[in-house]
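The residues making up each chain are set out below.
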Amino acid sequence: MSDARSDIFARIREALKVKAPRPHLKAETSSPKTSVAAKPWLPDGGESVEASLQILSEQLAKLKAVLIRVPDHVSAARALADLVAQKSWKKVAYHGHPIIQPLVASLPCEAWEADKSFDKQRLEGCDAGLTTCESIVAQLGSILVSSQSSGGRALSVLPHAHVVIAEVSQVVPDLGTSLALAKARHGDTMPSMLSYITGPSRTGDIERILVLGAHGPKELFLILVG
Amino acid sequence: MADAKDIFLKDATVNAADGDQRAFISKALGGYYTNRDLQKARYRDWERARDAASMAKWSAVNDLANVLEKFVTNFERNGGVVHWARDAAEARTIILKIAEDAKAKAIVKSKCMTSEEIHLNDALEKAGYGVVESDLGEFIQQLRGEAPYHFVFPCMHVKREAISELFTKHLGTAPTDSPEELTMIARRHLRQLYIDADIGITGANFLVAETGQISITENEGNARLTAALPRIHIALSGIEKVVNHLDDLSVLLPMLATAGAGQPMTCYNTLYAGPRKPGECDGPEQFHIILLDNARTRLLADPEQRDALHCIRCGACLNVCPIFKNIGGLAYGTTYQGPIGSVITPHLRGLKQWNHLSGASSLCGACTDACPVRIDLHHHLLHNRRNAAKESPTLFDRVFHNGFNFVIKRPWLFAVGGRLFRATLPLLQKLPLPYMSSWMKTRDLPKAPAKSFRDEWKTQENV
Numbered sequence: 000m001s002d003a004r005s006d007i008f009a010r011i012r013e014a015l016k017v018k019a020p021r022p023h024l025k026a027e028t029s030s031p032k033t034s035v036a037a038k039p040w041l042p043d044g045g046e047s048v049e050a051s052l053q054i055l056s057e058q059l060a061k062l063k064a065v066l067i068r069v070p071d072h073v074s075a076a077r078a079l080a081d082l083v084a085q086k087s088w089k090k091v092a093y094h095g096h097p098i099i100q101p102l103v104a105s106l107p108c109e110a111w112e113a114d115k116s117f118d119k120q121r122l123e124g125c126d127a128g129l130t131t132c133e134s135i136v137a138q139l140g141s142i143l144v145s146s147q148s149s150g151g152r153a154l155s156v157l158p159h160a161h162v163v164i165a166e167v168s169q170v171v172p173d174l175g176t177s178l179a180l181a182k183a184r185h186g187d188t189m190p191s192m193l194s195y196i197t198g199p200s201r202t203g204d205i206e207r208i209l210v211l212g213a214h215g216p217k218e219l220f221l222i223l224v225g
Numbered sequence: 000m001a002d003a004k005d006i007f008l009k010d011a012t013v014n015a016a017d018g019d020q021r022a023f024i025s026k027a028l029g030g031y032y033t034n035r036d037l038q039k040a041r042y043r044d045w046e047r048a049r050d051a052a053s054m055a056k057w058s059a060v061n062d063l064a065n066v067l068e069k070f071v072t073n074f075e076r077n078g079g080v081v082h083w084a085r086d087a088a089e090a091r092t093i094i095l096k097i098a099e100d101a102k103a104k105a106i107v108k109s110k111c112m113t114s115e116e117i118h119l120n121d122a123l124e125k126a127g128y129g130v131v132e133s134d135l136g137e138f139i140q141q142l143r144g145e146a147p148y149h150f151v152f153p154c155m156h157v158k159r160e161a162i163s164e165l166f167t168k169h170l171g172t173a174p175t176d177s178p179e180e181l182t183m184i185a186r187r188h189l190r191q192l193y194i195d196a197d198i199g200i201t202g203a204n205f206l207v208a209e210t211g212q213i214s215i216t217e218n219e220g221n222a223r224l225t226a227a228l229p230r231i232h233i234a235l236s237g238i239e240k241v242v243n244h245l246d247d248l249s250v251l252l253p254m255l256a257t258a259g260a261g262q263p264m265t266c267y268n269t270l271y272a273g274p275r276k277p278g279e280c281d282g283p284e285q286f287h288i289i290l291l292d293n294a295r296t297r298l299l300a301d302p303e304q305r306d307a308l309h310c311i312r313c314g315a316c317l318n319v320c321p322i323f324k325n326i327g328g329l330a331y332g333t334t335y336q337g338p339i340g341s342v343i344t345p346h347l348r349g350l351k352q353w354n355h356l357s358g359a360s361s362l363c364g365a366c367t368d369a370c371p372v373r374i375d376l377h378h379h380l381l382h383n384r385r386n387a388a389k390e391s392p393t394l395f396d397r398v399f400h401n402g403f404n405f406v407i408k409r410p411w412l413f414a415v416g417g418r419l420f421r422a423t424l425p426l427l428q429k430l431p432l433p434y435m436s437s438w439m440k441t442r443d444l445p446k447a448p449a450k451s452f453r454d455e456w457k458t459q460e461n462v
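Chains A and B, in that order, give the protein sequences.
So the first sequence is numbered by numbering that gives the first Met the number 0: it starts at 0 and just counts up by one.
So the second sequence is numbered by numbering that gives the first Met the number 0: it starts at 0 and just counts up by one.
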């Protein structure tokens, strides 16, 4: 008996002996690379840093994510402490990253470095997860986190709120640029998870009415430094 | 046993007469149309973006053997385990074996239509595993013991009162008419289940050949949790989900979100490369993928309809289809409803048994216009009708077509027939003719003209 793998490949090769016509396209592709060819057709991500930041802030507002702009890391620490106080968070889990560690030193609540001694039950009981990110896509308002930049897979999705600390230099205009950046950075050793987060968790499953916080965080904050 | 066609005709007739339900579905889709149009307007050229999306899928599907081979090599390099399944039974056997080897008890699933296709939940439950659907819509449908109504919006036909009653009955919660509160009930109920589950089962929206990653699109965060907390992650995917480059997702992900749900981007678009890696603090110890054929190669072998394998399951064709909106998703009796389901189901399950779905279309072409990857849906419905008539003509096909052929080749007979038809037209209204009576019930025939078209033509020519 032949195995399933070779059977399926034999079926595919047999099926593809007859060629299908190329689709009749209106578009003339300027490049074999999808993102380059499609760039002028997709939503705008801004041609300058200012334009991208403008689009990003509009997108985040529509997604009901909160953008907090601060000039430096000292004010970032203050903004974070204010947020913790305002939301009355008791327990915050964070990713042990050099950018984050100084921010949590003076938080008015319990702060736990989740990736040092991972415990899913304890993480579920946290009010917020605090992570860095890889890049931020202005075009779509998406934040790319990874299992490396965000203290694993669960920290950015299991606690009831998610706070991202990033620098303005991490904002890229569009999804194509962000994917290329991830590929250039990680090459053949991709993190086991890369996730584009676009607003707080949501569902429309009941009568197509929008509800935030289906299974992931109900609230998403981006503290953008610079 | 009633066949699929009889059941379909019966259910479709009942549902189409249910004005309340139709109004409810229309209302639910209203918000989708508004949001979809708002998001589409942000594209600088939606039509050309469709071309790019279609091309990305075309180039992968038409080179499937090579692209799939590349995906598998890279998936394994990332530390994942690949399994192949020729059909549904093989896929179920593989998953049961993984569960048995792992001595698993509890399984949590995120939305995966391919698992509906292979009736996975039944098989797992029969083998004694606790299986829970974590997507809110699928969770509700699982409690209702009903198949998904729409492959993107599984419980869009269920009113909040019914969901409240369902939760009271199964979860013992207090009744509420707030969608927010109902969502929170499911959230609280499922949280511990993710933590306790041994295995997480997901689908896959795209398989990226270049990097060996799988891409999963979702809004709720349930797939993220399903792939983060259990110690084993199993992904089940059709072989046609593969794309060449990571870069292709720069078009496919936003377009899937806009076409499918009127969003700029779905809330979580996640790429998985293997199980937990050294230096990572969480994630599963094992990552398996089951690559399923289940008659997809049969569709691949039809170059005319091969583009149906480009489908990214956004559901846009269902949302605009007048048939879907009137008869509802359950009447189809298929895993994939609406126009795309009517096109592919005859290939997956047999043309003779499922060709009636090709007739359930007004051929208005709204589906083809809505498709972000440009599948020629309404023409494929016609192709299926033609193929069915060729493959196994019904008595009506044979009598009618042979008769038509006979008459059309003989102009004198055509003229006599025409005269006879014009003279007897008023009678037709009253006769209980098969194929005609149901049409006539709600419609009046027009008055027959005095002259035939050919006679009229002759007169005009002489002017």
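Quick caveat, the hints were computed from the structure, so don't treat them as lab data.
Hints may contain errors.
[Said to hold, decoys possible] To give an idea of the interface, some chain B residues facing chain A are shown, with a C-beta separation under 10 angstroms as derived from the structure:
#, residue
1, 3
2, 4
3, 76
4, 133
5, 152
6, 306
Where is the CB? At the ideal position from N, CA and C, for every residue including glycine.
Check: Broken hints, numbered, in rising order?
Finding: As far as the earlier hints go, 1 and 2 are violated by this structure, in ascending order.
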